[in-house]
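There are 2 protein chains.
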Amino acid sequence: MPATSRFLRACRSESVDRTPIWIMRQAGRYLPEYRALRERHSMLHLCRTPELACEVTMQPLRRFPLDAAILFSDLLIPIPALGCGFDIVEHRGPVLDRSVRSREDIDALKDPEDLRSLEFAFEAVRLVKAALAKEAPGTPLIGFTGAPFTVASYMIEGGPSRRFAETRKFMHRDPVGWDMLMGRLAALLSEYLVRQIDAGADAVQLFDSWVGVLSPGEYRRHVLEPTRRVIAAASARRVPVIHFGTMNGTLIEAMADAGGDVIGADWRMPLDTARRRCPGRAVQGNLDPIALFAPQEVLSRMIDDVIDQAGGLPGHIFNLGHGILPETPIENVRFLVEAVHDRTARDASKERG
Amino acid sequence: MPATSRFLRACRSESVDRTPIWIMRQAGRYLPEYRALRERHSMLHLCRTPELACEVTMQPLRRFPLDAAILFSDLLIPIPALGCGFDIVEHRGPVLDRSVRSREDIDALKDPEDLRSLEFAFEAVRLVKAALAKEAPGTPLIGFTGAPFTVASYMIEGGPSRRFAETRKFMHRDPVGWDMLMGRLAALLSEYLVRQIDAGADAVQLFDSWVGVLSPGEYRRHVLEPTRRVIAAASARRVPVIHFGTMNGTLIEAMADAGGDVIGADWRMPLDTARRRCPGRAVQGNLDPIALFAPQEVLSRMIDDVIDQAGGLPGHIFNLGHGILPETPIENVRFLVEAVHDRTARDASKERG
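Here the protein sequences line up with chains A and B, keeping their order.
Take the first sequence: its position 42, counting from 1, is numbered 42 in our numbering, and each next residue is one higher.
Take the second sequence: its position 49, counting from 1, is numbered 49 in our numbering, and each next residue is one higher.
Keep in mind that the hints were calculated from the coordinates and are not lab data.
Among the hints, a few may not be true.
The list treats identical chains as interchangeable, and a pair is accepted whether it falls inside one copy or across any two copies.
Claimed, not checked - Computed list of lysine to aspartate or glutamate pairs in DMTMM-like fashion (alpha-carbon distance at most 25 Å, straight line):
| # | residue 1 | residue 2 |
| --- | --- | --- |
| 1 | Lys-169 | Asp-114 |
| 2 | Lys-169 | Glu-327 |
| 3 | Lys-169 | Glu-338 |
| 4 | Lys-110 | Asp-97 |
| 5 | Lys-169 | Asp-105 |
| 6 | Lys-129 | Asp-198 |
| 7 | Lys-169 | Asp-305 |
| 8 | Lys-134 | Glu-191 |
| 9 | Lys-350 | Asp-272 |
| 10 | Lys-129 | Asp-74 |
| 11 | Lys-350 | Glu-51 |
| 12 | Lys-169 | Asp-308 |
| 13 | Lys-350 | Asp-202 |
| 14 | Lys-110 | Glu-39 |
| 15 | Lys-169 | Glu-331 |
Treat the numbers as computed from the prediction; the structure is a model and nothing was measured.
Build the full structure now, drawing on both the sequences and the hints.
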């Protein structure tokens, strides 16, 4: 069974010969070849130069037998299309040129004009598809975007935040203005995803990284509908959609109601719980990224726990429960990928008798 | 019905004439009289000077008809008894003199010697009890401590953290060393709570503020037992124990298994869910602190939602879902306290027919 079928079949909860695995932020700082590129180029320059984005995307595939590639990019890449410039500041994260906190700020957002300014991202998708065909035939490419809430939170806060106080104040103070902003973002992010799919992405992931600051009631009232619009736009192109959030222990059902063939769970949501609370969906996750720092006998047990909690191969995509950490030892990443494949290949052959 | 019965009866899920309310960090920066004191004294000086700690504790009681006082203090106040000094740095939080990351570091911890060095805290409890008897007769005093996990996380990280990476690495790398550290903390924090009770605290709250970074499995294996020891020590003195954590959407059952007459829910855990998942316990919470920045008609609706989700008066203590924010408008705090009392007094009289 080629890798492509394995990942895409798992997304559709179909039978597989072993559990597919990819790793959030698999193209990143834990790789020395990535750090070498970053010495010469800024993070944003890598994202915005198709050849470099392609090179970074391919780096982990050359080291590990991963079952999917994911486009190297950043959650905020599409927002300059609305006139919101930003930079990524070392040890701090994204810093926006201005923040969006009023109706006037929303009215001042630009029309994205068919995303011409984001053409570099779609070109990167095409280059990665060609590179995969040559270097790792059959490996699917995952495109991605931030979800409307998470992207809105950066635009309102003006950068990273711990409490997302301004975001939540805005939501409660002016729910109609909030809906207008979310509507603008839903339109932009839908189109951004669809264009990645049209360029060749085989699946997409929606990152609602900070949605866990909301209660289920807040999510259903203020966030579900624009999120559903983005997922529906991608689903209409008939590619699987992975819907991922963190700290979402109380709102995973509401997130599932917004859509997604696959629900991504962070490391705090046991996969058996995720399966029970999201019936009919595949699940993705959810090894604690910290496990990769543990001695290999501990790591091995934690990997087995995740596979056990997933309760069988169909409908499970192995991943970490959040992005891989920059200081992660590479030998443990190799150990992880091989352990998942070996263990689940044995499980699959046992099942076949 | 005097306030004392109202709060303590609610902790025991007994009938009340209205829902009691207190506010996490009710003695704090949103009060101008607190900010005035802080201009002259450091946070730690306020905590460590019984007369000043008493004065700060009493400030919110003079403004609002709150149903309980809570000792003004800090989660890290007891750790110098183990030889871990710290300072509280403006806009940054606590910074420890050293971090505890190895067996050697644990061996180097001091013996707390009957908590003589923390006598200021117990003296503050006695002064507050006397002040309450005079100024707000019948109002109970809540003592508190950080839970072993949350206190350990500061000791290991050396200060505030976002990902608690060092804490979780330690836990997985050396589970036996981890258990030793948690054992030392369970002993210290139990004694610290018991001495507050002996000095006059009528109830206690255990703050496991950062426990939500753990999965249920991690909590049960590494955290439940030392937490249970602290709660059991306080319960043995026959005062109600409130057990509070945040981001605990996946592990509230495990926290309830560690104990607590009352389970404190953050704003993301609807109280009907908390009640269902923690049968037989009272619940405390859980208005989003951000709600206090909303227009009063929105705030009013959000207060009603919390009361509705609590599903009736017995066994509900109204509170925020996390500490009150420093910029909170005072007039909305007054509105909140009055709204909770008025609405639930009407509910209670309806129930009586």
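Checked hints:
1. Lys-169 with Asp-114: For Lys-169 and Asp-114, the Cα distance exceeds 25 Å both inside one copy (32 Å) and across copies (46 Å).
2. Lys-169 with Glu-327: Classified as between: cross-chain Cα gap 12 Å, same-chain 36 Å, threshold 25 Å.
3. Lys-169 with Glu-338: So Lys-169 and Glu-338 pass the 25 Å test across copies only (22 Å; inside, 46 Å).
4. Lys-110 with Asp-97: Intra 14 Å, inter 50 Å, cutoff 25 Å: intra-copy only.
5. Lys-169 with Asp-105: Classified as within: same-chain Cα gap 15 Å, cross-chain 43 Å, threshold 25 Å.
6. Lys-129 with Asp-198: Classified as within: same-chain Cα gap 12 Å, cross-chain 70 Å, threshold 25 Å.
7. Lys-169 with Asp-305: Only across copies: Lys-169 and Asp-305 sit 18 Å apart there, 40 Å inside one copy, limit 25 Å.
8. Lys-134 with Glu-191: neither (28 Å within a copy, 66 Å between copies)
9. Lys-350 with Asp-272: within (21 Å within a copy, 43 Å between copies)
10. Lys-129 with Asp-74: within (19 Å within a copy, 55 Å between copies)
11. Lys-350 with Glu-51: neither (44 Å within a copy, 71 Å between copies)
12. Lys-169 with Asp-308: between (41 Å within a copy, 22 Å between copies)
13. Lys-350 with Asp-202: neither (30 Å within a copy, 60 Å between copies)
14. Lys-110 with Glu-39: neither (33 Å within a copy, 45 Å between copies)
15. Lys-169 with Glu-331: Answer is between; shortest inter-copy Cα gap is 17 Å, intra-copy 45 Å.
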